[in-house]
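Undergrad: Single-letter residue listing:
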Amino acid sequence: MEDLSATYVKILLLEAAIILALWLFGRMYS
Amino acid sequence: MHAIDWLVIVAYLVWIVTDGLRRSHRTNEVAGYFLAGRSLPWWAVGLSVMATQLSAITLVGTTGQAYATGFRFIQFYLGLPLAMIILSLTVVPFFHRAGVYTAYEYLERRFDVRTRTLASLLFLLGRTFSLGVVLAAPSVVISSILGWSVPLTVIIIAVPMVLYTAFGGVQAVAWTDVKQIFVIVTGVCAAVVVLALGIPSEVSIGRTLDLVGATGRLRAIDFRFDLRETYTFWSGLIGGLFLMLSYFGCDQSQVQRYLTAKSVEEARHSLLLSAYVKIPLQLLILATGVLVFVFYVFQPPPMLFNRVHDREIASGPRAAEYDALQRRFDAAFAERKTAAEAGDRNAFLDHDRRVAAIRGEAVALVREATGDRQYADVNYVFPTFVTTHMPIGLTGLLIAAMFAAAMSAAAGELSALASATIIDFYRRHFVKSATDAHYVNVSKLATVGWGLFACVVAMSASNQGSLIEVVNRYGSFFYGSLLGVFMLGILTTTATAVGAFYGLVAGMAVVLVVAFTTSIAFLWHNLIGAVVVFAVGMAISRASRPHS
Numbered sequence: 000m001e002d003l004s005a006t007y008v009k010i011l012l013l014e015a016a017i018i019l020a021l022w023l024f025g026r027m028y029s
Numbered sequence: 000m001h002a003i004d005w006l007v008i009v010a011y012l013v014w015i016v017t018d019g020l021r022r023s024h025r026t027n028e029v030a031g032y033f034l035a036g037r038s039l040p041w042w043a044v045g046l047s048v049m050a051t052q053l054s055a056i057t058l059v060g061t062t063g064q065a066y067a068t069g070f071r072f073i074q075f076y077l078g079l080p081l082a083m084i085i086l087s088l089t090v091v092p093f094f095h096r097a098g099v100y101t102a103y104e105y106l107e108r109r110f111d112v113r114t115r116t117l118a119s120l121l122f123l124l125g126r127t128f129s130l131g132v133v134l135a136a137p138s139v140v141i142s143s144i145l146g147w148s149v150p151l152t153v154i155i156i157a158v159p160m161v162l163y164t165a166f167g168g169v170q171a172v173a174w175t176d177v178k179q180i181f182v183i184v185t186g187v188c189a190a191v192v193v194l195a196l197g198i199p200s201e202v203s204i205g206r207t208l209d210l211v212g213a214t215g216r217l218r219a220i221d222f223r224f225d226l227r228e229t230y231t232f233w234s235g236l237i238g239g240l241f242l243m244l245s246y247f248g249c250d251q252s253q254v255q256r257y258l259t260a261k262s263v264e265e266a267r268h269s270l271l272l273s274a275y276v277k278i279p280l281q282l283l284i285l286a287t288g289v290l291v292f293v294f295y296v297f298q299p300p301p302m303l304f305n306r307v308h309d310r311e312i313a314s315g316p317r318a319a320e321y322d323a324l325q326r327r328f329d330a331a332f333a334e335r336k337t338a339a340e341a342g343d344r345n346a347f348l349d350h351d352r353r354v355a356a357i358r359g360e361a362v363a364l365v366r367e368a369t370g371d372r373q374y375a376d377v378n379y380v381f382p383t384f385v386t387t388h389m390p391i392g393l394t395g396l397l398i399a400a401m402f403a404a405a406m407s408a409a410a411g412e413l414s415a416l417a418s419a420t421i422i423d424f425y426r427r428h429f430v431k432s433a434t435d436a437h438y439v440n441v442s443k444l445a446t447v448g449w450g451l452f453a454c455v456v457a458m459s460a461s462n463q464g465s466l467i468e469v470v471n472r473y474g475s476f477f478y479g480s481l482l483g484v485f486m487l488g489i490l491t492t493t494a495t496a497v498g499a500f501y502g503l504v505a506g507m508a509v510v511l512v513v514a515f516t517t518s519i520a521f522l523w524h525n526l527i528g529a530v531v532v533f534a535v536g537m538a539i540s541r542a543s544r545p546h547s
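Protein chains in written order, with numbering that gives the first Met the number 0: chain A, 0 to 29; chain B, 0 to 547.
Derived by calculation from the structure, the hints in this document are not laboratory data. By construction, the Cβ of each residue, glycine as well, lies at the ideal position given by its N, Cα and C atoms. Be careful, since some hints might not be right.
In silico contact screen, one side only, chain B against chain A (beta carbon under 8 Å); selected entries [claimed, not checked]:
1. A67
2. F70
3. S87
4. L208
5. R267
6. V276
Only chain B is shown next, with the shape it has when bound in the complex (with noise of 0.2 Å):
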């Protein structure tokens, strides 16, 4: 990279601190160091909202899975414009008027301490390890194409994130995010326009279109009722709408930003700033993804996108081996753009099929040679382009971009852990009455303490991607058991505290059970846990109830 690049890299960096130190006010109190006092505006909030949600996982995995199967993944997001519609009109101004730090919180008021201290365990116990995950999957891909060793990456990403949420309390964390989300959309703006450019000029619109269409990357939604299908029209709109409801209802990391608005209305207002908006920058960061599938079918791509991978066995025990798929990866390269300038519909998808299999040959040797079965070169995809392509000083702000995903959805996670350690946990059971000075105190330390523990997880989690998934198999099914606990406490006025607590360890046990003895696809987790702890909750309420 060039030297103007880490230019941009480092002043984006220290903008990122010191501005959100800057920003910061009141911090001194409890309710200025969680809350930001209730002072901020709705369209700030509605930023950090989206921020939070936009990880470097979806800014890297994203734009790699629509390379490989195109805009299909939008039917995750389908639930959600309904989802801040339900949440707007019933958790929002209940939360807000309750006055609470944490979403928890209601759940003690409502039923007995033991409901509130179980979900936020389960809170705490999901978020520790999805941060550990948040730092991690960027790390290995950054540290890869920047040449950096995976714990030096999860420092310099974990350094400065930490720095600001523990001195700034929520508030940096918001002012921050506004300025991630917007240096995040401009860089994926920009590397639409070099695709776009990248795109032989005698080469139609049409075309182009008809080309891509012809490997089914166009087709985005699919009406099929197939439970074992992860991504439909019915699954996102339905478990979507479950997982949705769940993640800005009932998660301390989403509920937080929206009890920081001035008002009722500024919160919600600003979830629904992401009901309008989500959608489409989750198309244009699938449209990126498609856009380099298109620039590498007239420009020659690498057979692996990951360049340490491709350096490793290239002059490993296998390169005979690899130098043979190296050649035929070549040729069909050659031959599907010669069929891609002729419009030959039929002849580049018999080459596009025989590229993409000898790609699968070369990630199926890399699996081989380094153990690690988890290994996905797609995540590689963009982060290569970015470095290999994007005009100097763009590929720094693509980089710095890649940054600001992880930073700012690590930062929002990291400071809703403190507040449900600190407000659930530490002012609940253990130092009831301190000043606010005492609890702004340990809820920096409880900061520093939970970066640091995910930094632990994090640099253990990038070498073992089995992990990974069986942290992403957890979120889905604490989420639905968590959603069902408020439903039973914000729709019934008969549910008991014995009904939610019983439901909800119920809900989880079943939704475990599911998740690893059938192939239903985890979308659908978080309905059948809402279900099923809402179903229990109500049945031993009924049954526990004293018979006047």
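So here's chain A without its partners, still in its complex pose (with noise of 0.2 Å):
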């Protein structure tokens, strides 16, 4: 089976990067 591995933490460091933006953005504007 392809190992997807690198893919996965793409996909995780994404998600990371937009949880901290909202939470910022939030913060900053609020």
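Assembly of the complex is requested from the two constituent chains, each provided in isolation within its own frame, with the hints serving as guidance.
TA: Dropping the structure here:
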């Protein structure tokens, strides 16, 4: 089975970045 | 609406049916009809998975929700990327290699026919009513904005959808899903552009963000751990993870999608597409709702977005009361607009609360006058914006996008209902060895039958808001339990058939009690169901295993 570890890491990093950005954005403008 | 908009809608409906049927091959075989002969590329399967999940309720309800409360709803999807990774490592290769037609077939191989039948029955019961709601909810909204009756709208959505699903099988569903997701995304992007252009040029982006932020609409992430709060970071990440694992791992409407992929690798990539794209897509839809709010800060909004109720009440016995509300609303809007243009944050907030409170009074008036206690005016925000402010042609595109969202979600469920009915019941219990042609013919009949039943549910559900609530609650309690029984099968080697069956029954019972006697938010029901089924199933398996 193809090793997709790098893809999984990219997905998790993207999600973490989105959550962080949304949290910071919310704090900045509230 | 302009004739060009009608032309766009009619062209879309004709195109979707004819192209769906044209792309269907080998639909005279069961494998071709239900699994597309395992021939679809990963991107088509991935887009189909996303289209099936993106219903018109999502398009219309989510924009309305974002209009009212902002980005908070995004937390519902936080568990999705992790769920997709877990599934691409576990059940996707598992189901694909097992060569099954339905997820529940596996339960018979691992446990017994009783567990398979119960799980499939739960799916059928849940999905039948859910399909009715998936048709009813947009029909109520679309009928109101287009001036059609609800039954006629249900029929206009259902007939083309049943046609291409019944005759083209899962291939027609998947290929129409691909087109539908493009129609939806193009339509939403067009709406975003029109909304952005509608904000006065003298109001800067910084001031706009400051105003929206003041109302709390930009506060997307809530780290508080409160079990009663529906959408928090924790409920989305943990409860949502279990919901998504269950939905994408045990629900035939999703499992059937990735069983159509060419190979295990293509199936895994198809799910990972959602892991990448789902949250950004959902953010785009939520941003549309927030932009509609900003748009109506500067452009006069209707007090009630449902124009039918607006006209009925304005000319009914409570017209004087409604007229007084309308005058107060107009004054509050004018003062809010002035405060927004002046950049006076505190005054803007005060007047925004007044606008919201007056709208609340108007909605309460509708509920009293119509007896519809579930009436939610926010569901009409986006469709009303579309029909009153989008340019000619784009209005038609957006209405077509609403049809597309309703049809893509419903078609996926319809095809899955037919496959579970024929594979798990008809072929397993009644006619065990007939020709492929026979099974395909009864599958077509099952598709049409479930389609008709869903139409009847949709037409009655549209008049009973409480029924919709019951259906939603039902969905959230059976998903976790189904996940629990699959966990018993896949994660352990010691679970027995007796343990799995009674574990499933116990999980359902516990979640039912929790759902109706506590205020624990529904996302947590998925976690509770999965844990109870797994724990009870393991305990019974241990107790029932013969001692050596």
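Undergrad: State for each hint whether it applies.
TA: Hints versus structure:
1. A67: With a closest approach of 17 Å, the A67 (chain B) hint is violated.
2. F70: 7 Å, holds
3. S87: 7 Å, holds
4. L208: 5 Å, holds
5. R267: This interface hint holds because 7 Å falls under the 8 Å limit.
6. V276: Violated - the Cβ of V276 (chain B) stays beyond 8 Å from chain A, reaching only about 10 Å at its closest.
This entry does not satisfy hints 1 and 6, going by the numbered hints stated previously.
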